[in-house]
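The primary structure of each chain is shown beneath.
2 protein chains.
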Amino acid sequence: MANPTAAVLVIGDEILSGRTRDANLNHLAVQLGEHGIDLEEARFVRDVHEQIVGAVNELRKSWDHVFTTGGIGPTHDDITADAVAAAFGAEIGVREDARSILEEHCRNLGLELNDGRLRMARIPGDALLIANSVSAAPGFSLGNVHVMAGVPKIFRAMLADKLRSIPGGSPQISRSLDLNTVESELAEPLATIADEYADLQIGSYPFRTEFRRGVSIVIKGTDKERVLSAEAEARLAFSELLAD
Amino acid sequence: MANPTAAVLVIGDEILSGRTRDANLNHLAVQLGEHGIDLEEARFVRDVHEQIVGAVNELRKSWDHVFTTGGIGPTHDDITADAVAAAFGAEIGVREDARSILEEHCRNLGLELNDGRLRMARIPGDALLIANSVSAAPGFSLGNVHVMAGVPKIFRAMLADKLRSIPGGSPQISRSLDLNTVESELAEPLATIADEYADLQIGSYPFRTEFRRGVSIVIKGTDKERVLSAEAEARLAFSELLAD
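Note that the protein sequences, when read in sequence, are chains A and B.
Numbered according to our numbering, the first sequence spans residues 202 to 445.
Numbered according to our numbering, the second sequence spans residues 202 to 445.
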């Protein structure tokens, strides 16, 4: 059976303006891979209501799961929760279960539950809360859309919580060979192997370090025997080019 | 007049599978910002023909420019040129001007112009070539879609060539203040300033280093006087929280 599929929607001006670098995509990709969920698409949009609504609605219809990151904090530019509610046509307001979590957190730390903090208790309709073991304010899942924070430490904590309740598939098996050559020299024999193993993903990736350059052949799939068989065939075909 | 808008489409399995980290988005965002082009969206898709075609067609209708990176090398998994041609309904084949460039490059280096290398001379219809000062094989622009390599060094060279021929807009002016607080404490006064300066982008970004945590307020826009005025107002409103 095919693995579940997923997309990620990264929300916020700061990455698209070049001010900061994305720090969540790679972590999500690795975690989903280990969980047997195929990450098929990533989108980055600005803090613009219509853009978030449009992307959420396209992605949730195309893939089994949508993970969003960013825009669920206390300030005026945190508009993700409202946009996701709008995408589903769901009501949104301060929900008692989320409010209780924030109240307890504030009480423990001697903080005031002001309007900014209360904004983080706005949860749409019958969404399921996602636990935040770092700073309490929860994420939520509405249908197949999982709404999480953008701050990497909080994102990771929320993702770990969420993945416990999502059934995974078969983890990808991956094998790679480093070859002392350039891509142009191996394109034809590699295409022959890729044709024969059309059920696997076979890619070639040039690399360059200070001391040498070469090409990594990467063979991936969920059927371990097929992956190992393709690897053996590639090792034979490229035996004279194999790097140590 | 509003700045031109742009999207980037990053093509390839390697980032979505978690094997490698994206290395081009931040560079593109910074370069476009300096050129006065607003980067509005980024998408990452796999090496799947239909996904690339669909994304190219959506993005080219939504934004003034689309920059693609990845999938224009010599191997079987390099399918970007064909997919972009299909998105436009354009013919594609080895084009003489591109072939000449590769022939000369191979002659200079004593290499054979084999089928793999010739694949990189496949250029759709009447596309304009984009120069590659690193490894010769050109990118191309078809309509408002600019097709470039994924290898960072080559991507940067192609982007520099392309931006010379794209009219820019007004570069963004950006000012920031670091505050010794958390977002929840400044949400309300910041929202008041953001309302007053609705023509600017005003965002808040929590940060955390080994020694302290705080929030950066970032104010951006193309009208320098307005940006400086909003900054002055924020400095006044948050004077007691300003970090050194």
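It is worth saying that the hints were derived from the structure and are not from the lab.
Hints may contain errors.
One copy or two, it doesn't matter: identical chains are merged, so the pair holds either way.
[Said to hold, decoys possible] Distance condition first, Cα-Cα at most 25 Å in a straight line; then the derived SDA-like pairs of lysine to any residue:
hint, residue 1, residue 2
1, Lys421, Glu411
2, Lys262, Leu319
3, Lys354, Ala299
4, Lys354, Asn227
5, Lys425, His277
6, Lys262, Arg247
TODO: Against the earlier hints, flag every one the structure doesn't satisfy and list their numbers going up.
DONE: 1 and 2
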